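Peer 1: Sequence:
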Amino acid sequence: MSTCRGFAIHCAACESAMGTAAGCEQIFIDKASGKLASRPELSKALLVANRRKDQLVVTKLDRLGRSLEHLIELSKTLQDRGVDLVVLDQGIDTSTAVGRMFFQILGAIAEFEHALMSERTLDGLAAARARGRTGGQKPKLGPRQVDLARQMYDELDERGKRRYTVEQIAAEFGVTRPTIYRHLSAAAPKMEA
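Following this note's numbering, the numbering of the sequence shown begins with 28 at its first residue and continues without gaps.
Keep in mind that the hints were calculated from the coordinates and are not lab data.
Bear in mind that the values here come from a model prediction, so they are computed numbers and not experimental data.
Even glycine gets a Cβ: it sits at the ideal position worked out from N, Cα and C.
Hints may contain errors.
Pairwise CB distance ranges (calculated) [stated by the list, open to error]:
1) ARG108 / ALA198: 54 to 60 Å
2) ALA213 / PHE139: 39 to 45 Å
3) ARG78 / GLY159: 57 to 63 Å
4) ASP116 / LEU143: 27 to 33 Å
5) PHE139 / THR161: 17 to 23 Å
6) GLY163 / GLU100: 29 to 35 Å
The calculated lysine-lysine pairs, modelled on DSS-like cross-linking and capped at a C-alpha distance of 27 Å, are [said to hold, decoys possible]:
7) LYS71 / LYS103
8) LYS80 / LYS103
9) LYS188 / LYS165
Can you make the complete structure from the sequences, with help from the hints?
Peer 2: Structure, rendered in structure tokens:
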């Protein structure tokens, strides 16, 4: 006999609705919501719902997945375990052919959306390159500042030691030591040429 393990998130009325409507053996309720919030109760529910013919019941589909991609990934994980997903409000049950078809359609849409985003990103990068723009952060130091940093670095005191440490040079320009080292090593080949 299959057991039903329910999971509800951030909904006071959901607990009683799930308990009565689905006859769940266990109910897991996460109080937090939001894209980046951790959901320990969902993790527990996914660990518990691990036997074939178990059912993971949720009140609403949007409460289960943070994004369409995440939702498809969760559905695939459950399918691999033989666990059925039941969504009460939308009437989805992946133990039926219609429920599985619905998730396959969602998966196809997610793949299509991902492909479109990739194409748009590549098109945008190509257009930016055509306008002479390159990606990444702007340099922390301009050419004049790099020259000054090089002069400070090369300046020696009366004992023949460097007058300024890299740390002092970095503090002078308001950057980190690795930034100074990076610019000094990039400027060195230009000086030799």
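Peer 1: Each of the hints needs a verdict: does it hold here or not?
Peer 2: Hints versus structure:
no. : hint                        : verdict
1   : ARG108 / ALA198: 54 to 60 Å : holds, 57 Å
2   : ALA213 / PHE139: 39 to 45 Å : holds, 43 Å
3   : ARG78 / GLY159: 57 to 63 Å  : holds, 60 Å
4   : ASP116 / LEU143: 27 to 33 Å : holds, 29 Å
5   : PHE139 / THR161: 17 to 23 Å : violated, 30 Å
6   : GLY163 / GLU100: 29 to 35 Å : holds, 31 Å
7   : LYS71 / LYS103              : holds, 17 Å
8   : LYS80 / LYS103              : holds, 15 Å
9   : LYS188 / LYS165             : violated, 33 Å
Consistency note: the structure conflicts with the earlier hints numbered 5 and 9.
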